[in-house]
Amino acid sequence: MAVALDDGTLTEVGLPPSHQGRILLIACGALAHEVLTLKRQNGWDHMDLQCLPANLHLYPEKITQAVAAAVTQYRSAYQSLFVLYADCGTGGLLQAKCQELGVEMIAGPHCYSFFEGNAVFAEKAETEFTAFYLTDFLVRQFDAFVWRPMGLDRHPQLRDMYFGNYTKLVYQAQTDDPALDLKAEDCARRLGLAYERRFTGYGDLATTMAAVAKG
Numbered sequence: 001m002a003v004a005l006d007d008g009t010l011t012e013v014g015l016p017p018s019h020q021g022r023i024l025l026i027a028c029g030a031l032a033h034e035v036l037t038l039k040r041q042n043g044w045d046h047m048d049l050q051c052l053p054a055n056l057h058l059y060p061e062k063i064t065q066a067v068a069a070a071v072t073q074y075r076s077a078y079q080s081l082f083v084l085y086a087d088c089g090t091g092g093l094l095q096a097k098c099q100e101l102g103v104e105m106i107a108g109p110h111c112y113s114f115f116e117g118n119a120v121f122a123e124k125a126e127t128e129f130t131a132f133y134l135t136d137f138l139v140r141q142f143d144a145f146v147w148r149p150m151g152l153d154r155h156p157q158l159r160d161m162y163f164g165n166y167t168k169l170v171y172q173a174q175t176d177d178p179a180l181d182l183k184a185e186d187c188a189r190r191l192g193l194a195y196e197r198r199f200t201g202y203g204d205l206a207t208t209m210a211a212v213a214k215g
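For the sequence shown, the numbering used here gives the first residue as 1, with consecutive numbering after it.
One or more of the hints may lead you astray.
Listed below are the simulated EDC-like cross-link pairs for lysine to aspartate or glutamate, each with C-alpha atoms no more than 20 angstroms apart in a straight line [said to hold, decoys possible]:
hint: 1; residue 1: Lys168; residue 2: Glu185
hint: 2; residue 1: Lys39; residue 2: Asp7
hint: 3; residue 1: Lys124; residue 2: Glu61
hint: 4; residue 1: Lys214; residue 2: Glu104
hint: 5; residue 1: Lys39; residue 2: Glu61
hint: 6; residue 1: Lys168; residue 2: Glu128
hint: 7; residue 1: Lys168; residue 2: Glu196
hint: 8; residue 1: Lys62; residue 2: Glu123
hint: 9; residue 1: Lys183; residue 2: Asp7
hint: 10; residue 1: Lys168; residue 2: Glu100
hint: 11; residue 1: Lys183; residue 2: Asp143
hint: 12; residue 1: Lys39; residue 2: Glu104
hint: 13; residue 1: Lys97; residue 2: Asp87
hint: 14; residue 1: Lys62; residue 2: Asp87
hint: 15; residue 1: Lys168; residue 2: Glu126
hint: 16; residue 1: Lys62; residue 2: Asp45
hint: 17; residue 1: Lys39; residue 2: Asp153
hint: 18; residue 1: Lys214; residue 2: Glu196
hint: 19; residue 1: Lys39; residue 2: Glu12
hint: 20; residue 1: Lys124; residue 2: Asp87
hint: 21; residue 1: Lys62; residue 2: Glu128
hint: 22; residue 1: Lys97; residue 2: Glu61
hint: 23; residue 1: Lys183; residue 2: Asp6
hint: 24; residue 1: Lys62; residue 2: Glu104
hint: 25; residue 1: Lys214; residue 2: Asp45
hint: 26; residue 1: Lys124; residue 2: Glu100
hint: 27; residue 1: Lys168; residue 2: Asp143
Since the hints were derived computationally from the structure, they do not count as laboratory data.
Modelling step: build the complete structure from the supplied sequences, incorporating the hints.
This is the structure we're talking about:
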């Protein structure tokens with residue numbers, strides 16, 4: 001049975017840990033559904049999850065400090081901690097802080113890369129630099145993360161300025177959900193971009209969590 005999570009809460013507040021298990025995963029709220037699904041599917045009950053608000057991605061300069069604060073707050077309560085943030089626009093600052101704090105983090109520049117698989121994403125980078133990516137979470141929260149923050153709800157004429165150099169929207173689907181497929185296709189239409197659906201599943205998030213679970 002899937003865990004019911006409110007995307008609005010994950011965006012604005014995040015998800016507190018349950019204080020069960022010996023390994024704490026510190027993740028973005030945009031990954032909560034996927035992390036909890038992988039935990040459930042694999043019986044990783046020894047792993048706990050805390051999610052920081054997903055809207056930190058609108059202010060990437062705040063991510064490093066927020067992750068560091070979570071590590072400091074919960075370090076003594078768990079045997080080990082692992083950070084499920086990629087670089088996420090921090091310009092290497094998050095990795096440097098994690099090294100300073102002695103905690104590991106998932107590899108990759110962003111979640112689009114590790115969902116695709118970092119190696120595969122890197123191979124495609126030179127030919128897909130005009131692609132705009134959405135994940136399951138970002139399709140569901142398109143208005144909150146793209147349409148309204150960019151002011152397109154108030155000034156639709158800005159669309160060409162923001163997206164004039166993009167050619168397609170790539171929906172990286174973590175799940176097979178026809179309703180999300182339709183919504184993602186509508187997102188592409190609203191942005192004036194060609195549409196491509198690409199099923200990625202959980203990519204390197206799954207393999208990374210599997211390795212952490214053995215720790």
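Each hint, compared with the structure:
Of the pairs offered as hints, the one joining Lys168 and Glu185 holds, with about 11 angstroms between alpha carbons and a cut-off of 20 angstroms not exceeded. For a cut-off of 20 angstroms, the pair hint linking Lys39 to Asp7 stands: about 19 angstroms separates their Cα positions. Note on Lys124 and Glu61: the hinted pairing is violated, with a Cα-Cα distance of about 27 angstroms set against a maximum of 20 angstroms. In summary, the hint linking Lys214 to Glu104 is supported, as the alpha carbons are separated by about 14 angstroms, within the 20 angstroms threshold.
Of the pairs offered as hints, the one joining Lys39 and Glu61 is violated, with about 29 angstroms between alpha carbons and a cut-off of 20 angstroms exceeded. Under the criterion of a C-alpha separation no larger than 20 angstroms, the hint pairing Lys168 with Glu128 is consistent with the structure, at around 9 angstroms. A hinted pair counts as satisfied when its Cα atoms are at most 20 angstroms apart, and Lys168 with Glu196 qualifies at roughly 7 angstroms. A distance of roughly 30 angstroms separates the Cα atoms of Lys62 and Glu123; the hinted pair therefore is violated under the 20 angstroms criterion.
This hinted pair checks out: Lys183 and Asp7 have alpha carbons roughly 15 angstroms apart, not beyond 20 angstroms. For a cut-off of 20 angstroms, the pair hint linking Lys168 to Glu100 is broken: about 39 angstroms separates their Cα positions. Taking the CA atoms of Lys183 and Asp143, the gap is about 11 angstroms. The hint holds against a cut of 20 angstroms. Restraint check for Lys39 and Glu104: satisfied, since their Cα atoms lie roughly 19 angstroms apart, inside the 20 angstroms limit.
At roughly 11 angstroms between alpha-carbon atoms, Lys97 and Asp87 fall within 20 angstroms of each other, so this suggested pair holds. Proximity of Lys62 to Asp87 is assessed by CA-CA distance (about 12 angstroms); at most 20 angstroms being required, the pair is judged to hold. Simply put, Lys168 and Glu126 have alpha-carbon atoms about 15 angstroms apart, close enough for the 20 angstroms limit, and the pair holds. Between Lys62 and Asp45 the alpha-carbon distance is near 30 angstroms, which puts this suggested pair outside the 20 angstroms criterion.
Restraint check for Lys39 and Asp153: the C-alpha separation of about 37 angstroms exceeds 20 angstroms, so the hint is violated. Between the alpha carbons of Lys214 and Glu196 the distance comes to roughly 36 angstroms, so the proposed pair goes past 20 angstroms and is violated. Distance hint between Lys39 and Glu12 is unfulfilled; the C-alpha atoms sit about 23 angstroms from each other, more than 20 angstroms. For the given pair, Lys124 sits about 19 angstroms from Asp87 by alpha-carbon distance, which is consistent with the 20 angstroms threshold.
For the suggested pair Lys62 and Glu128, the alpha carbons sit about 28 angstroms apart, so the restraint of at most 20 angstroms is broken. Taking the CA atoms of Lys97 and Glu61, the gap is near 13 angstroms; set against the 20 angstroms cutoff, the hint holds. At roughly 18 angstroms between alpha-carbon atoms, Lys183 and Asp6 fall within 20 angstroms of each other, so this suggested pair holds. A threshold of 20 angstroms between alpha carbons decides the hint, and for Lys62 with Glu104 the separation of about 19 angstroms falls inside it, so the pair holds.
Restraint check for Lys214 and Asp45: satisfied, since their Cα atoms lie roughly 12 angstroms apart, inside the 20 angstroms limit. Pair hint Lys124 plus Glu100 does not hold up; C-alpha atoms about 32 angstroms apart against a cutoff of 20 angstroms. Annotation: proposed proximity of Lys168 to Asp143 holds, straight-line Cα distance about 18 angstroms (limit 20 angstroms).
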